[in-house]
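Please build the complex by placing chain B on the supplied structure of chain A, with the hints as guidance.
These protein sequence lines are chains A and B, in that order.
Following our numbering, the residues of the first sequence are numbered contiguously, the last one being 356.
Following our numbering, the residues of the second sequence are numbered contiguously, the last one being 265.
It should be emphasised that the hints constitute simulated quantities derived from the structure, not laboratory data.
This one's a predicted model, so the numbers in the text were calculated from it and none came from an experiment.
It is possible that part of the hints are untrue.
Stretch by stretch, here's where chain A covers chain B in the computed footprint (C-beta under 8 Å, at least three residues) [to be verified]:
#1 127-134
#2 154-163
#3 174-185
Think of the CB as a built atom: it goes at the ideal place given N, C-alpha and C, for glycine as much as any other residue.
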Amino acid sequence: MSRSADGTRIRLNHCAKTYPGGVQALKATDLEVVPGEIMALLGPSGCGKTTMLRIIAGLETPDRQGRVLFDDDDVTPLPIEKRAVGMVFQSYALFPNMNVRANIGYGLKVAGLPRQQIDHRVDEVLGLCQLEAFAGRSVDALSGGQRQRVALARAVAPQPRVLLLDEPLSALDAALREQLRDELARLLRQLSITAVFVTHDQSEAMAIADRVAVMRDGVVLQIDRSEAIYHKPANGFIATFVGGANHLPGRASGSAIDLPGGRLDLPQALTANQSVYVRPEALRIIPPEGAGLVGRVSGRLFLGTHYRLTIDNVTTGPLSVLSADPNPPAIGDAVGVEVPSEAIMVLDSDAAGAAA
Amino acid sequence: MPRISPVKSLQLAVTLAACLFLLVPAIMSVMAGVTENYFRGISSGVTLRWIGEVWRLYSDSIWRSMLIAGVCLVFTLVIGVPAAYALNRLGGRLSRIIEEFISLPLAVPGLALALALLQLYGTWKGFRISWWFILVGHVLYTLPFMIRSVMAIFAAIDLKTLEEGAASLGASSWRRFIDIAVPNAMPGILAGSLTVVTLSIGEFNLTWMLHTPLTKTLPVGLADSYASMRLEIASAYTLVFFVMIVPLLVALQWASSRLQNVGKR
Numbered sequence: 001m002s003r004s005a006d007g008t009r010i011r012l013n014h015c016a017k018t019y020p021g022g023v024q025a026l027k028a029t030d031l032e033v034v035p036g037e038i039m040a041l042l043g044p045s046g047c048g049k050t051t052m053l054r055i056i057a058g059l060e061t062p063d064r065q066g067r068v069l070f071d072d073d074d075v076t077p078l079p080i081e082k083r084a085v086g087m088v089f090q091s092y093a094l095f096p097n098m099n100v101r102a103n104i105g106y107g108l109k110v111a112g113l114p115r116q117q118i119d120h121r122v123d124e125v126l127g128l129c130q131l132e133a134f135a136g137r138s139v140d141a142l143s144g145g146q147r148q149r150v151a152l153a154r155a156v157a158p159q160p161r162v163l164l165l166d167e168p169l170s171a172l173d174a175a176l177r178e179q180l181r182d183e184l185a186r187l188l189r190q191l192s193i194t195a196v197f198v199t200h201d202q203s204e205a206m207a208i209a210d211r212v213a214v215m216r217d218g219v220v221l222q223i224d225r226s227e228a229i230y231h232k233p234a235n236g237f238i239a240t241f242v243g244g245a246n247h248l249p250g251r252a253s254g255s256a257i258d259l260p261g262g263r264l265d266l267p268q269a270l271t272a273n274q275s276v277y278v279r280p281e282a283l284r285i286i287p288p289e290g291a292g293l294v295g296r297v298s299g300r301l302f303l304g305t306h307y308r309l310t311i312d313n314v315t316t317g318p319l320s321v322l323s324a325d326p327n328p329p330a331i332g333d334a335v336g337v338e339v340p341s342e343a344i345m346v347l348d349s350d351a352a353g354a355a356a
Numbered sequence: 001m002p003r004i005s006p007v008k009s010l011q012l013a014v015t016l017a018a019c020l021f022l023l024v025p026a027i028m029s030v031m032a033g034v035t036e037n038y039f040r041g042i043s044s045g046v047t048l049r050w051i052g053e054v055w056r057l058y059s060d061s062i063w064r065s066m067l068i069a070g071v072c073l074v075f076t077l078v079i080g081v082p083a084a085y086a087l088n089r090l091g092g093r094l095s096r097i098i099e100e101f102i103s104l105p106l107a108v109p110g111l112a113l114a115l116a117l118l119q120l121y122g123t124w125k126g127f128r129i130s131w132w133f134i135l136v137g138h139v140l141y142t143l144p145f146m147i148r149s150v151m152a153i154f155a156a157i158d159l160k161t162l163e164e165g166a167a168s169l170g171a172s173s174w175r176r177f178i179d180i181a182v183p184n185a186m187p188g189i190l191a192g193s194l195t196v197v198t199l200s201i202g203e204f205n206l207t208w209m210l211h212t213p214l215t216k217t218l219p220v221g222l223a224d225s226y227a228s229m230r231l232e233i234a235s236a237y238t239l240v241f242f243v244m245i246v247p248l249l250v251a252l253q254w255a256s257s258r259l260q261n262v263g264k265r
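Chain A on its own, in the form it takes in the complex:
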């Protein structure tokens, strides 16, 4: 968040969304996105993140008390076409009847700018998004990655107050997604515009966003910088959803828990609704003799830089361990597991158990 403070401040005051039929997609929520910030709305499907984005965009109206403010302007009653938002849709929604140049210039044309000015701005944006070579192409003749760039270029061309992106990378295949993720992060920083994007992919959220809002069941659970979300998750759900922490649901006895694989000493005693979580990369495989926790390897995946080991019998479910050892134990081997005390996260349990 060290970037310049140009851009618009977005504030949601008490925004809830109840659909006809009574389903409440978003519970009353306050949110502030500071000027120039890139915020990710992260959560599993049905958590209300897209509804929140559409409320900011003006594609949905919040329930009665909700207010949407851009800086000090109350934009709640304005439809999307009056809000000056740029939006990148999941399916990109490029206009098939227009070529790349006409798609990018459409917002400027609608605004009634003179031809010369439109051409100038479109050229500028084409350059920014490295699309010069495709200006005359039909949008049907573009690859997925090119379409994504055109969608972004089209959204930013009219210099909107805020930029909103709905799962901008999910329509791409995995290899391309990673490359375009970096490109998108670079472009958004270059634009220094207030941006909100929705994703269900935690690595995408952490790579692109300045701050991440983790959501579930229509509620924002935690808003913080990526690092803080990862290292200081507010509860068990966030620990497992972001970065896939292991849940160790043992029986507490004093400041330790009893697990099927042995006893684990804790830095503090657990209260009734707390549980122990540990990250896969924080665990160490040690010889089983004399180890506090023992189990058996039931899975071994080679990931290039790491092996992902699955270990049974330590806890009630499988335990995931990331090991940098080039010669990790084989499937069927008995192993010991060491849990460094600084790696133990004592958090409110994930009551709904939405993520394993």
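Relative to the frame of chain A, chain B by itself:
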């Protein structure tokens, strides 16, 4: 020569027989239209005289049919495309109910529809005896085809998202209709238009009830020629009818196959 299995040859025979069953009457009819004297057969000589006769006797019916089809198309476009757009935006159950309601004239026999129109407008004499009366019947009958065709393409191109895209760029709903909805619906509008023109030119049931001796259309003229002219003239009329309707049918086939490919891109 490769041997043909008995099953294959039976299939071939059945196919050929079916083709003949369908084609022979049409060919006979067309032949009769260019034969000097039908009862003496083709040996009496080949002539275009009967076609000339048809033109002399019925050219006004033919022109009237084209006029009605053209004006009918204008009306179905002006009513149908915005209606399809509105129904698409409305969405949900209500939109389906309205669509079914608009389609009712298809379920009601043309005869009944014509009687209803006669009851309603029969006493407006000037209107009753003009071709506008027939036009009303044709618009009622063809409008659902236009609306359905355009609604189908709106669904195929995911118009809702395209419109949200245009709205996010500042376009008002009128601009979205003109810039996005209509241009992207062109294949559907084209297929709908060809359907409307083909149906209007060929429509008989309704038109038969609604016409007056001075407002005959192409198919009504055909029935009239079989009823009151010599067989060669009626057959020549059939030939003229084919020449007008077959290119439309071919174009319709082409347009609907093009429509099938929209959304598969």
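A quick look at each hint next to the structure:
no. : hint    : result
1   : 127-134 : violated (count 0)
2   : 154-163 : holds (count 4)
3   : 174-185 : holds (count 5)
The earlier numbered hint that this structure contradicts is number 1, and it is the only one.
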